[in-house]
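Enquirer: Letter by letter, the chains look like this.
There are 2 protein chains.
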Amino acid sequence: MDGTILKEEFLYSQIAERFETQIENNILKTGDKLLSLRALSKEQGISISTAFKAYIELENKGFIEARAKSGYFVRYNPSKIPKPLDKPETETSFENVGVDEILRMVHKTMSQEGVVKLSQAVPSAELIPVAKLSKAMMEAIRKSPTNCTGYEEIQGNLTLRKQVAKHAFGWNGNITENDVVTTQGCMEALVFCLKAVTEAGDTVAIDSPTYFGIFNAMKSLGLKVLEIPTDPETGANLEYLEKAIEKIPVKACLFVTNFANPLGVIMPDHRKKQLVELLAKKQIPLIEDDIYGEMYFGKTRPKTCKSFDKEGLVMLCSSVSKTLAPGYRVGWCIPGKFIDKVISLKLTHSVSSATPTQAAIGLFFETGRYDLHMRKMRKALHTSCLRYIQAISDYFPKETKVSRPQGGYVLWIEMNKKVNGFELFQQALKQNISISPGQIFSTDARFTNYIRISFGTPYNEEIRISIQKLGKLVEGMS
Amino acid sequence: MDGTILKEEFLYSQIAERFETQIENNILKTGDKLLSLRALSKEQGISISTAFKAYIELENKGFIEARAKSGYFVRYNPSKIPKPLDKPETETSFENVGVDEILRMVHKTMSQEGVVKLSQAVPSAELIPVAKLSKAMMEAIRKSPTNCTGYEEIQGNLTLRKQVAKHAFGWNGNITENDVVTTQGCMEALVFCLKAVTEAGDTVAIDSPTYFGIFNAMKSLGLKVLEIPTDPETGANLEYLEKAIEKIPVKACLFVTNFANPLGVIMPDHRKKQLVELLAKKQIPLIEDDIYGEMYFGKTRPKTCKSFDKEGLVMLCSSVSKTLAPGYRVGWCIPGKFIDKVISLKLTHSVSSATPTQAAIGLFFETGRYDLHMRKMRKALHTSCLRYIQAISDYFPKETKVSRPQGGYVLWIEMNKKVNGFELFQQALKQNISISPGQIFSTDARFTNYIRISFGTPYNEEIRISIQKLGKLVEGMS
Chain A
1 MDGTILKEEF LYSQIAERFE TQIENNILKT GDKLLSLRAL SKEQGISIST AFKAYIELEN
61 KGFIEARAKS GYFVRYNPSK IPKPLDKPET ETSFENVGVD EILRMVHKTM SQEGVVKLSQ
121 AVPSAELIPV AKLSKAMMEA IRKSPTNCTG YEEIQGNLTL RKQVAKHAFG WNGNITENDV
181 VTTQGCMEAL VFCLKAVTEA GDTVAIDSPT YFGIFNAMKS LGLKVLEIPT DPETGANLEY
241 LEKAIEKIPV KACLFVTNFA NPLGVIMPDH RKKQLVELLA KKQIPLIEDD IYGEMYFGKT
301 RPKTCKSFDK EGLVMLCSSV SKTLAPGYRV GWCIPGKFID KVISLKLTHS VSSATPTQAA
361 IGLFFETGRY DLHMRKMRKA LHTSCLRYIQ AISDYFPKET KVSRPQGGYV LWIEMNKKVN
421 GFELFQQALK QNISISPGQI FSTDARFTNY IRISFGTPYN EEIRISIQKL GKLVEGMS
Chain B
1 MDGTILKEEF LYSQIAERFE TQIENNILKT GDKLLSLRAL SKEQGISIST AFKAYIELEN
61 KGFIEARAKS GYFVRYNPSK IPKPLDKPET ETSFENVGVD EILRMVHKTM SQEGVVKLSQ
121 AVPSAELIPV AKLSKAMMEA IRKSPTNCTG YEEIQGNLTL RKQVAKHAFG WNGNITENDV
181 VTTQGCMEAL VFCLKAVTEA GDTVAIDSPT YFGIFNAMKS LGLKVLEIPT DPETGANLEY
241 LEKAIEKIPV KACLFVTNFA NPLGVIMPDH RKKQLVELLA KKQIPLIEDD IYGEMYFGKT
301 RPKTCKSFDK EGLVMLCSSV SKTLAPGYRV GWCIPGKFID KVISLKLTHS VSSATPTQAA
361 IGLFFETGRY DLHMRKMRKA LHTSCLRYIQ AISDYFPKET KVSRPQGGYV LWIEMNKKVN
421 GFELFQQALK QNISISPGQI FSTDARFTNY IRISFGTPYN EEIRISIQKL GKLVEGMS
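Protein sequence lines correspond, in order, to chains A and B. Using full-length UniProt numbering, you'd call the opening residue of the first sequence number 1 and step up by one each time. Using full-length UniProt numbering, you'd call the opening residue of the second sequence number 1 and step up by one each time.
Hints in this document: simulated from the structure, not taken from any laboratory. Mixed in with the good hints, there may be bad ones.
The list makes no distinction among identical chains, and a pair is therefore deemed to hold if it is satisfied within one copy or across any two copies.
Stated by the list, open to error - Simulated crosslink set (DSBU-like; lysine-lysine; CA at most 35 Å straight-line):
| id | residue 1 | residue 2 |
| --- | --- | --- |
| 1 | K281 | K310 |
| 2 | K143 | K53 |
| 3 | K219 | K282 |
| 4 | K69 | K310 |
| 5 | K33 | K132 |
| 6 | K472 | K417 |
| 7 | K219 | K417 |
| 8 | K299 | K219 |
Treat the numbers as computed from the prediction; the structure is a model and nothing was measured.
Bound conformation, chain A alone:
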């Protein structure tokens, strides 16, 4: 019989321990009613006496209390217990820190409260028509026979695909809904396109500087990165690229051709055409990240490389994460002749994309609300861009250089060579301002005296003060 007793001993304290963890972590909250002894015994397949012993142990430790005729309730409140001592903070030196480490630190600041986030290239809530979008979500759910609970078609929501095809008109595209595959944001689109045309070990050419997410995704797919210098006025250096592909077996290119992040440059039409023709000669696929394309400050929507593509070699990727709702994770790609491969990858890795969010965005496009919103947003961002540049020129040292984006969200700032972007990031964070240090925009942290700031939040007094503080810090470091 000793075995049985031991086993029971083990069982009830094990159960008590699991309750303790849940109470300590506030999963079970003060005042929550616990399962009855009978229900607990049934759920766990244990005897009522074992369940009783578990509760007694918890009661003895002060975690729960028995109330006459009502059962057991949580009484412990972890937030009222004094916190343990903090570990002493170790300051990270800004020298010899890798890109990965810096990235992790920048990411940490993203969900931190009370920080002025000049680091995030996303629209601030005040630029998003949240109420109208929520209305579109409810309409979409109501219109669906299963309230959007069922699987969506693998290729993606039909209304959304038709709308993407319709909007392609703006960049000179001649496509139909059959050419479009929806994805979980632009990032998933880029990953599927990369996987469709490369294998681990292959080399892919990208802009430099570029958005860190791009080379991180490549690294995680085992790809080698070839950084092509990007000119602040004409985009990726095609002459450099042409020489490179003569010497190196480049398997694909991935360029942001409109408002490249962080430079904000548009590749002019004739260069886009030249790029497409250059790659067609070698049959090298081009993944074109057009996520910022709709956010132009000029009169017309810039064209895309896709519009010059005759052989289906260009795979265009985009989303509404920069223009409407990052949290909806609605993106798409137009993968040209690689579409079957992309659909098969989507089926294999995701089965399908979320039904309600796609349906909501599809409807938001269809009813013309998206166009209306974008007209307002472009104006707001352009104004914001100009005000931020003025503030930088007011508060930063005279030698500072700033990009002149023709669209998008971000400013790329070049400072005195003595100023270290990562050091500035750390100092600014102490004053509750987050920026993106230049180091994270290349694989070898080469842009040390640069920072990127986003103007996604309309200019206001808090922003003015933050830029003023940043300017003082830069002055101190110059």
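Since the structure of chain A is provided, determine the placement of chain B on it from the hints.
Expert: This is chain B only, laid out in the frame that chain A set:
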């Protein structure tokens, strides 16, 4: 001047052509108003006269019409034009057809209307509390300061993670919200876990027969598949596995330990413990797919391997796709000591999961609606399971064998060796019934005389007739 004229000629017919495509594809519908000449010229950066020529061409071809003082409207209706002749149908022979080909055909039937879908292991709409779930979605959106438009935390929605931790109690788990990472359905969870512990070229052991999605995902990651025979009463053959890992460098295992698809078997607790200990000795990670775990017909929720895991080697994956809403694409994993790697993969490949769907499911759990729903659903599925088995015994040849699942959704049916599952699939489809042929549950199509049928739709007269028809087909082939 000839050059300019040529260019204009080219431009307007190019624009007209793009409109034609949109009209042919019903993206622009009969009666839709086109942009005004001024607006078109501005949007496309062309002269008003070029815009005018484009519209004239479209009018001449009968695609659009000018209405006095109103502008241009679409008049063409592609659906009224007689359809081109169908291509003669070629019947696929059921011999020498690969698993991929069969899979593609089965997938095609999934969105086909008017087909009785005995192939899909998902809950039918009548089992889902769609109205309550939509209400949870609206509540979640209302409660969020940004109406769920902003990025969710990378690790996932906090309420949902807490609820997953709380529900882990049911399978003996002792975890907190910090151990959970949310994903886009269970499939993304499995892919991230596989990527976290393997590299292309590695070997991973899986159940056999198993869900085709699993070995497809592996193939796409460049992994080698080692199929471990699964016993219909005790699950994966651990003795076979033990011998295999002595000889082959198995990098990870991926098993469905509760109600394995298609067998419906629970691995008994002592075998789960044995499996965990066996793998711990060799430090081999176990990816545990527990997607069906909550759908038990017995009195208590079966335990998981994760509950026996002392070293953080077990990575549990699950979702609400089988229990609540496949279209929401809400899943999660509890990746043990590999959690940092999984979070980093999630950041790199998806940035974050969709905000509104996670928030809705989190709230649906928190308010206790999920538990209520599951109690009803388990009963309904159990009843459905018994009725389907009875119908099969009524209508199929006497020699037919059927699995006795203790939970989940599916029946695995073994027929006379002369019956070919894929041939049966094709014949059934002609009668508008879709089933899953046994061939797609192994990499080498070895289960030729098996089929899987799902009892996710409550038994009714239509189902009875379908099973009766299937029985007749099997009889004819035996």
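Enquirer: Which of the listed hints are broken here?
Expert: 2, 4 and 8
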